[in-house]
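Undergrad: Listed below, chain by chain, are the residues.
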Amino acid sequence: MSLARELLNSTTQVIAKMGAVMLFLGRILGQVPASLARPGLIVAQIHNAGALSLVIIMTCGLFVGMVLGLQGYDLLQRFGSESALGTGTALALLRELGPVVTALLFAGRAGTALASEIGLMRATDQLVAMEMMAVDSVRRVVAPRFLGGLIAMPLLTMIFVAIAIFGVQLVGVQQLGVDRGTFWSQMQGSVKMSDVTEGWIKGCVFGAACTLVAVYEGYTAAPTAEGVGQATTRTVVISAVLTLALDYILTALLL
Amino acid sequence: MASAPSSTRTETLSQHVVEVRDVAYSIGGRTIFSGLTLNIERGRVTAIMGPSGTGKTTLLKLITGQIRPDRGQVLVEGRDVARLSRRELYALRQRMGMLFQNGALLTDLDVFENVAFPLREHTKLPEPLISHIVLTKLQSVGLRGAWALMPAELSGGMARRVALARAMAMDPDMLIYDEPFAGLDPISMGVILRLLRQMNDALGITSILVSHDVEEITTVADTSYILADGKVVAHGNPQDLKKSDSELVRQFMNGIADGPVAFHYPAPDLREQLLADVD
Chain A
-7 MSLARELLNS
3 TTQVIAKMGA
13 VMLFLGRILG
23 QVPASLARPG
33 LIVAQIHNAG
43 ALSLVIIMTC
53 GLFVGMVLGL
63 QGYDLLQRFG
73 SESALGTGTA
83 LALLRELGPV
93 VTALLFAGRA
103 GTALASEIGL
113 MRATDQLVAM
123 EMMAVDSVRR
133 VVAPRFLGGL
143 IAMPLLTMIF
153 VAIAIFGVQL
163 VGVQQLGVDR
173 GTFWSQMQGS
183 VKMSDVTEGW
193 IKGCVFGAAC
203 TLVAVYEGYT
213 AAPTAEGVGQ
223 ATTRTVVISA
233 VLTLALDYIL
243 TALLL
Chain B
58 MASAPSSTRT
68 ETLSQHVVEV
78 RDVAYSIGGR
88 TIFSGLTLNI
98 ERGRVTAIMG
108 PSGTGKTTLL
118 KLITGQIRPD
128 RGQVLVEGRD
138 VARLSRRELY
148 ALRQRMGMLF
158 QNGALLTDLD
168 VFENVAFPLR
178 EHTKLPEPLI
188 SHIVLTKLQS
198 VGLRGAWALM
208 PAELSGGMAR
218 RVALARAMAM
228 DPDMLIYDEP
238 FAGLDPISMG
248 VILRLLRQMN
258 DALGITSILV
268 SHDVEEITTV
278 ADTSYILADG
288 KVVAHGNPQD
298 LKKSDSELVR
308 QFMNGIADGP
318 VAFHYPAPDL
328 REQLLADVD
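Same order as they appear, the protein sequences are chains A and B.
If you're matching positions, the first sequence starts at -7 in my numbering and goes up one per residue.
If you're matching positions, the second sequence starts at 58 in my numbering and goes up one per residue.
If you are wondering where the hints come from, they were derived from the structure by calculation, not from laboratory data.
We treat Cβ as the ideally placed atom computed from N, Cα and C, and that holds for glycine.
Fair warning: there could be bad hints in the mix.
Stated by the list, open to error - With the Cβ distance kept under 8 Å, some of the chain B side facing chain A (calculated, not the full set):
no., residue
1, Y147
2, Q151
3, M155
4, L163
5, P175
6, E178
7, H179
8, T180
9, A203
10, W204
11, H321
12, Y322
Claimed, not checked - Computed far set for chain A versus chain B, every beta-carbon distance over 12 Å:
no., residue
13, R(-3)
14, G18
15, L28
16, A36
17, F55
18, M58
19, L62
20, L68
21, T116
22, V120
23, W176
24, A217
25, V228
26, L234
27, A237
Can you make the complete structure from the sequences, with help from the hints?
TA: Shown next as structure tokens:
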């Protein structure tokens, strides 16, 4: 009985929170035109969320690619089809691994930074101070950060995929001896524009979801050290779960 | 004055910048105000005092429209703050400056940009003019030389002075100070006191001051209100308040540990609670 009640309670809470996040998204979208009028603020946030995440995205991309090269080669050579290495890994990266791993890294690097930054602005009265200076904090603080994340994430995804394919070829072609010509020509022959678009769309959706979670958690954080810490943790957890769930939905829709 | 007929309304407005009329407010089942009434006079320094937890900061939130009263009205320049639209509220706030307890400077901007912030957000002034205004405001708080520092590099007193310069940037009619003396060394405190008085006298700004530093209030405020139990328990000239007949006012003004405001938080009988563990 109490278990059922708890289940019901937490379900209602989740639904209520989803509603609150959607309302917050509405508020942000309402401020997007005003925000677009000041591109300087958005560019600064693309730098914060995107450029500052480049090193981690590129490093991880390289290693993911190298692992794929090893595993893919081992798998494919059992069927004597090592030449399909380029095609297989490129498709896997573009359509699944690229957007998903980038989103998880993005949530860990940029999402936590956003949540803790906005949470600390809340805790140190900076957001209230803005409101008291008759400046809408959603317009000035949240909307540019949301747009910055939204723009940075698909770019990071594509950079991740490019570096990862380089990693695959590093291991597959340079080390394990897959023929360079077949590797690239097969990839070129079988990867279609729609595969790239799928990755791009996923990057945009994950970017919107992760950034929205981060700015919402930061904006609504309890104004204490503990509150900011919890907001940061929740940002990573919710972003990760949301990314994987959305990935399934998007894949089902796009296939 | 509150019951003045509408024909004398303009006269009332010119004298009282803020009128709080029979305001009740409670949060989370705890009553903060029950029938709070007070007036803030134009061009004077009014102090709001009271023991911790009497809702001094809550009163500032009511005046600035951050929260709405459950009952009663808060009038600023004759307009009910709770009924203003967001746009009207923002227009009103552009004429108010607020100094937060910790300064609340924007940590990603330097001192110059912090003071320039309201100007950049609300005006389209050319850059030389913004620079001129910012440097003048910083000069008046004695920190023109610190224009390039980041907030993290400032001491508590300096941060509060920068925040004061920022609050002054839009030339407000009213300045609100939330605990301006808390945690300051005596020198910084003296500086803030001097600035507060100067701003008030030289520019004719109405100042509202929330504090529990009795000594400082006595030297700077023209009028004080003492809040307790959700109401105004005394008001008048700070010097007179010290000699008040009310035991509570005397306790507060002279800093006596026990009295009408009890030293002990309400608790069950000590003997009973200690012996309960033995049983």
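Undergrad: Given T180/B as an interface hint, is the shortest Cβ-Cβ distance to chain A below 8 Å?
TA: Given a least distance of 12 Å, the restraint on T180/B is violated.
Undergrad: Are all C-beta atoms of chain B more than 12 Å from that of L234/A?
TA: holds (28 Å)
Undergrad: Does A217/A clear chain B by more than 12 Å, comparing its Cβ with all Cβ atoms of that chain?
TA: holds (14 Å)
Undergrad: Please verify that the nearest CB of chain B lies beyond 12 Å from M58/A's CB.
TA: holds (38 Å)
Undergrad: For W176/A, is the shortest CB-to-CB distance to chain B above 12 Å, so the non-interface label stands?
TA: holds (45 Å)
Undergrad: Is the claim that V228/A lies outside the interface with chain B correct, judged by CB distances over 12 Å?
TA: holds (23 Å)
Undergrad: Would the stated hint for H179/B survive a check requiring a Cβ distance to chain A of less than 8 Å?
TA: holds (7 Å)
Undergrad: Taking the closest pair, is the beta carbon of L68/A still more than 12 Å from chain B?
TA: holds (50 Å)
Undergrad: Just to be careful: measuring from the Cβ of E178/B to every Cβ in chain A, is the smallest value less than 8 Å?
TA: Because about 5 Å separates E178/B from the closest Cβ in chain A, which is inside the 8 Å limit, the hint holds.
Undergrad: Report holds if the minimum CB distance from A237/A to chain B is greater than 12 Å, and violated otherwise.
TA: holds (33 Å)
Undergrad: Measuring Cβ to Cβ, find out whether V120/A lies farther than 12 Å from everything in chain B.
TA: violated (7 Å)
Undergrad: Any CB of chain A closer than 8 Å to the CB of A203/B?
TA: violated (19 Å)
In terms of the numbered hints stated before, the structure departs from hints 8, 9, 10, 11, 12, 16, 21 and 22, listed from lowest to highest.
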